[in-house]
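Number of protein chains: 2
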Amino acid sequence: METQRIIHTTEWDNVGIVPQRQGLPKGTTVQDGTVLTEDIPMGHKVALADIPQGEAIIRYGETIGYARENIARGEWVDTLKLELPAPPDLREIRPTVKQQHSLPPLEGYTFEGYRNADGSVGTKNILGIATSVQCVAGITQFIEQKIRRELLPRYPNVDEVVALNHSYGCGVAIDAPAAIVPIRTIQHLGQHPNFGDELMVIGLGCEKLRPERLVSDHPEQDKSEQILYLQDERFRGFSEMVDGIMQMADRRLQQLNRRKRETCAAADLVVGMQCGGSDAFSGLTGNPAAGFAADLIVRAGGTVFFSEVTEVRDAAHLLVPRAADPDVGHKLIAELDWYDDYLARGKADRSANPSPGNKRGGLSTVVEKALGSIAKSGTSPIVDVLGPGEKVRRKGLNFVATPASDFVCGTLQLAAGMNLHVFITGRGTPYGLSMVPVIKVSSNSKLSDRWFDLIDLDAGPIAYGTKTIEEMGWELFHMMLEVASGRMQVASDKLGLYNDLTLFNPGPLT
Amino acid sequence: METQRIIHTTEWDNVGIVPQRQGLPKGTTVQDGTVLTEDIPMGHKVALADIPQGEAIIRYGETIGYARENIARGEWVDTLKLELPAPPDLREIRPTVKQQHSLPPLEGYTFEGYRNADGSVGTKNILGIATSVQCVAGITQFIEQKIRRELLPRYPNVDEVVALNHSYGCGVAIDAPAAIVPIRTIQHLGQHPNFGDELMVIGLGCEKLRPERLVSDHPEQDKSEQILYLQDERFRGFSEMVDGIMQMADRRLQQLNRRKRETCAAADLVVGMQCGGSDAFSGLTGNPAAGFAADLIVRAGGTVFFSEVTEVRDAAHLLVPRAADPDVGHKLIAELDWYDDYLARGKADRSANPSPGNKRGGLSTVVEKALGSIAKSGTSPIVDVLGPGEKVRRKGLNFVATPASDFVCGTLQLAAGMNLHVFITGRGTPYGLSMVPVIKVSSNSKLSDRWFDLIDLDAGPIAYGTKTIEEMGWELFHMMLEVASGRMQVASDKLGLYNDLTLFNPGPLT
Ligand SMILES: [Ca+2]
Ligand SMILES: [Ca+2]
Ligand SMILES: [Ca+2]
Ligand SMILES: [Ca+2]
Ligand SMILES: [Ca+2]
Chain A
1 METQRIIHTT
11 EWDNVGIVPQ
21 RQGLPKGTTV
31 QDGTVLTEDI
41 PMGHKVALAD
51 IPQGEAIIRY
61 GETIGYAREN
71 IARGEWVDTL
81 KLELPAPPDL
91 REIRPTVKQQ
101 HSLPPLEGYT
111 FEGYRNADGS
121 VGTKNILGIA
131 TSVQCVAGIT
141 QFIEQKIRRE
151 LLPRYPNVDE
161 VVALNHSYGC
171 GVAIDAPAAI
181 VPIRTIQHLG
191 QHPNFGDELM
201 VIGLGCEKLR
211 PERLVSDHPE
221 QDKSEQILYL
231 QDERFRGFSE
241 MVDGIMQMAD
251 RRLQQLNRRK
261 RETCAAADLV
271 VGMQCGGSDA
281 FSGLTGNPAA
291 GFAADLIVRA
301 GGTVFFSEVT
311 EVRDAAHLLV
321 PRAADPDVGH
331 KLIAELDWYD
341 DYLARGKADR
351 SANPSPGNKR
361 GGLSTVVEKA
371 LGSIAKSGTS
381 PIVDVLGPGE
391 KVRRKGLNFV
401 ATPASDFVCG
411 TLQLAAGMNL
421 HVFITGRGTP
431 YGLSMVPVIK
441 VSSNSKLSDR
451 WFDLIDLDAG
461 PIAYGTKTIE
471 EMGWELFHMM
481 LEVASGRMQV
491 ASDKLGLYND
501 LTLFNPGPLT
Chain B
1 METQRIIHTT
11 EWDNVGIVPQ
21 RQGLPKGTTV
31 QDGTVLTEDI
41 PMGHKVALAD
51 IPQGEAIIRY
61 GETIGYAREN
71 IARGEWVDTL
81 KLELPAPPDL
91 REIRPTVKQQ
101 HSLPPLEGYT
111 FEGYRNADGS
121 VGTKNILGIA
131 TSVQCVAGIT
141 QFIEQKIRRE
151 LLPRYPNVDE
161 VVALNHSYGC
171 GVAIDAPAAI
181 VPIRTIQHLG
191 QHPNFGDELM
201 VIGLGCEKLR
211 PERLVSDHPE
221 QDKSEQILYL
231 QDERFRGFSE
241 MVDGIMQMAD
251 RRLQQLNRRK
261 RETCAAADLV
271 VGMQCGGSDA
281 FSGLTGNPAA
291 GFAADLIVRA
301 GGTVFFSEVT
311 EVRDAAHLLV
321 PRAADPDVGH
331 KLIAELDWYD
341 DYLARGKADR
351 SANPSPGNKR
361 GGLSTVVEKA
371 LGSIAKSGTS
381 PIVDVLGPGE
391 KVRRKGLNFV
401 ATPASDFVCG
411 TLQLAAGMNL
421 HVFITGRGTP
431 YGLSMVPVIK
441 VSSNSKLSDR
451 WFDLIDLDAG
461 PIAYGTKTIE
471 EMGWELFHMM
481 LEVASGRMQV
491 ASDKLGLYND
501 LTLFNPGPLT
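Protein chains in written order, with the UniProt record's numbering: chain A, 1 to 510; chain B, 1 to 510.
Treat each hint with caution, since some may be false.
No distinction is drawn between identical chains; accordingly, a pair holds when it is met within one copy or between any pair of copies.
Claimed, not checked - Simulated crosslink set (PhoX-like; lysine-lysine; CA at most 25 Å straight-line):
| hint | residue 1 | residue 2 |
| --- | --- | --- |
| 1 | K208 | K347 |
| 2 | K494 | K359 |
| 3 | K359 | K26 |
| 4 | K391 | K467 |
| 5 | K395 | K331 |
| 6 | K331 | K26 |
| 7 | K26 | K494 |
| 8 | K494 | K146 |
| 9 | K359 | K208 |
| 10 | K467 | K331 |
| 11 | K359 | K98 |
| 12 | K446 | K208 |
Simulated from the structure, these hints should not be mistaken for lab results. Since this is a predicted model, take the numbers as computed values, not measurements.
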């Protein structure tokens with residue numbers, strides 16, 4: 001007898017999701033033998049077991065609500081049958097640590113990367129040009145093109161030149177408490193592993209953010225070799241500024257050109273997970289597959305970031321117990337709490353409830369929606385929490401507290417030290433970053449068919465049942481190693497499509 | 001007998017400023033016959049009349065403080081001799097309108113501009129490409145270059161193509177009260193007179209800011225001729241998106257190419273005044289000369305903007321009485337008050353007192369410092385006040401409430417409808433905007449000598465006494481007409497140095 005595909009992400013789930021575009025009719029037998037007792041639309045839930053009144057409804061291995069009535073195996077578990085848990089109040093969450101399964105280590109996986117003196121590993125070899133203030137942007141953009149045209153061809157081991165253009169540095173409340181966020185972001189972007197500690201800085205001279213704050217403190221290194229001010233009196237006119245910058249770039253490129261890829265353990269990967277332009281399939285296909293791959297990275301000793309505070313906030317009570325220890329739990333609560341305050345100060349509605357569109361798509365509760373986003377983090381314990389702009393300290397799964405905004409989250413994950421980005425989309429976005437490769441995963445095959453040259457991996461086959469989440473997760477993991485090694489080029493790098501770095505500045509402009 | 005140059009900006013001033021780099025020694029006779037009774041350093045004040053204890057010290061025609069003791073003509077009026085007025089409390093300012101001198105009309109001055117159907121006049125002929133969200137930025141940047149390379153050469157009457165790239169549109173609290181600011185800014189940027197109502201919009205499809213909000217409502221115009229979504233299912237892959245955009249651009253360019261410059265009255269100029277990287281000379285030379293030119297524009301029936309809330313705030317009590325009627329005074333107080341709250345919410349210090357560096361430079365009081373900035377507005381009544389992102393409604397002198405940040409202020413003045421920008425700098429900045437010509441005025445000759453190809457006009461001769469404020473003001477006025485007509489190219493246009501548009505978003509990211 002032919003059975004139909006149904007999706008559940010863990011063995012503990014007592015509901016499955018209907019992935020078929022037309023839904024499934026009453027009488028259909030699904031893979032585990034459950035027979036549907038009514039018609040169920042696409043994206044909605046079917047009970048895979050009898051669930052007595054008051055018992056937990058489990059999806060993504062987590063409780064998304066409680067049965068309002070006895071629910072029989074094969075029934076449609078629609079919104080009305082769920083007792084909705086109240087949105088979590090952060091003050092009531094205790095940072096208890098739940099018993100965690102430990103995943104077996106994964107050995108023998110490597111990639112070819114650029115090893116740095118501080119132990120970090122680059123996935124590209126890039127001349128980074130930091131700026132202390134937007135005033136210099138016109139000249140920096142001019143210089144970036146000139147270096148690409150005139151100098152890069154002479155240094156075959158250098159992949160690119162990237163100017164860290166931003167809108168901060170002056171005309172800002174530099175002593176306001178929140179100024180720490182954009183300032184440390186700019187500092188840590190400059191320390192990115194793909195720049196090989198050969199950053200150069202273009203400053204103006206009278207800006208509030210001093211360029212000296214953007215270069216690392218090496219006792220043996222002369223800062224004047226790395227910093228140049230346009231207001232320096234030695235420059236007569238534009239062409240002398242340009243000459244001065246080109247000479248500095250040439251010296252840095254000579255150093256960078258000595259870098260060579262070498263075999264590194266998968267443990268040296270720092271993978272940032274993000275989604276954007278999500279659809280009803282994101283939580284079914286792309287995000288769980290990314291989550292499986294995240295677990296593989298962690299099992300191999302590597303580092304994974306997940307972020308997007310506003311998207312995970314409603315499952316805070318389920319996220320906090322995943323902290324590796326109570327300290328991490330406290331930090332997680334503190335970051336979520338900071339963001340609640342930040343939104344409240346701006347009188348923004350936290351939009352706690354799923355929208356009518358979400359409910360039509362099958363998402364019963366805000367918790368279920370947040371869990372779909374969290375799915376891309378996998379199942380590992382959270383070993384550390386980074387505030388926006390902070391730099392990674394521990395290997396393993398990290399929560400990096402950032403807005404969900406794609407380019408802002410990407411910029412903050414770069415500052416945290418991400419050397420490879422995985423981005424899951426259902427509606428489609430040409431998102432790309434110049435500093436690291438971005439693997440774009442589509443949640444459905446319709447998008448990847450249409451955007452054949454903009455999407456790197458199609459997670460749609462999970463919905464059709466032609467691939468499992470595990471298979472797709474392994475495929476993504478292998479692709480990460482290929483991309484990190486420079487052997488496979490992602491779509492955004494092939495086409496040269498890059499978003500701007502976008503700072504998160506919660507402080508005021510002046 | 002040889003007399004030395006001293007600077008005062010109005011006939012009512014009872015102090016003059018020493019402009020000589022080495023200061024002036026005791027015994028020097030200055031231009032009005034005053035003999036210095038002590039050594040006075042550069043930038044500091046000398047009494048030009050006997051000022052009895054308790055009487056007003058007047059600079060820029062305004063009271064900057066009161067004499068703490070009897071001050072004799074020729075004395076150094078240093079900080080200690082001034083009774084500092086308390087920083088103005090907005091709640092105590094009544095919007096009374098002071099008796100205002102009326103400046104004689106100025107007739108017969110014209111420039112060659114592009115007249116639009118709505119009566120506005122362009123100073124350049126530009127294909128504008130608006131974007132509803134940063135997600136599309138990679139493709140927009142690609143397209144901008146392709147249009148410049150492949151299409152512009154076929155349309156000789158079109159000067160440029162400019163993409164309005166920004167970080168707004170999604171991942172933002174679009175319903176927060178402050179969201180009105182970035183949204184109307186993007187809307188009004190698209191209505192800029194230099195775009196000739198031929199704007200095209202590139203959207204993604206799932207963003208919060210709907211692209212339809214960015215095009216004007218013409219009953220006869222089909223919006224699908226102006227808006228294109230990357231997620232549109234008719235596009236298969238990147239190259240079809242590019243083809244679609246290029247076709248839309250070609251149709252818009254055909255329209256734009258019909259535009260011709262015609263003779264327009266100087267009344268059609270909308271001049272934005274701004275300063276940045278100021279020095280001790282800015283308030284002596286560049287800003288007063290710009291102020292004189294501002295009066296000429298207003299006398300000719302034109303429009304002048306001045307801005308930079310944080311820089312004028314401390315002279316609020318002197319600025320409000322310049323309002324043309326009490327309503328305008330109320331609006332001015334409301335905008336300054338909004339900004340006070342905005343800074344307080346971000347826990348930013350309003351830095352009310354002049355810094356030690358300011359005092360060494362001769363600025364005795366916060367009021368004096370603010371008046372140096374206000375000097376660039378001239379002496380006309382303020383006929384209207386625009387909130388950040390609002391569009392001009394009345395000809396004459398307008399206060400446009402913006403941060404002082406150069407690129408943010410510039411972006412908001414563009415949204416308000418500025419078709420020509422005057423930027424005064426003392427320390428030097430390569431500032432430029434792609435949408436309108438920016439005339440860069442240096443406050444001192446040392447800068448303009450060194451930055452000979454980055455500065456358009458040197459106001460330094462005012463300090464040397466080889467030109468008066470009036471002469472320099474007229475020179476700037478004539479330069480404005482030449483630049484607005486396309487007959488003279490400014491430094492930033494010659495070199496192609498442009499800052500990024502930078503939105504003011506007081507609301508939170510999500
Ligand atoms: Ca997301
Ligand atoms: Ca996102
Ligand atoms: Ca042309
Ligand atoms: Ca200024
Ligand atoms: Ca400014």
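Q) Of the hints stated earlier, which fail here? A) Hints 2, 4, 6, 7, 10, 11 are the ones this structure does not satisfy, whereas the remaining hints hold.
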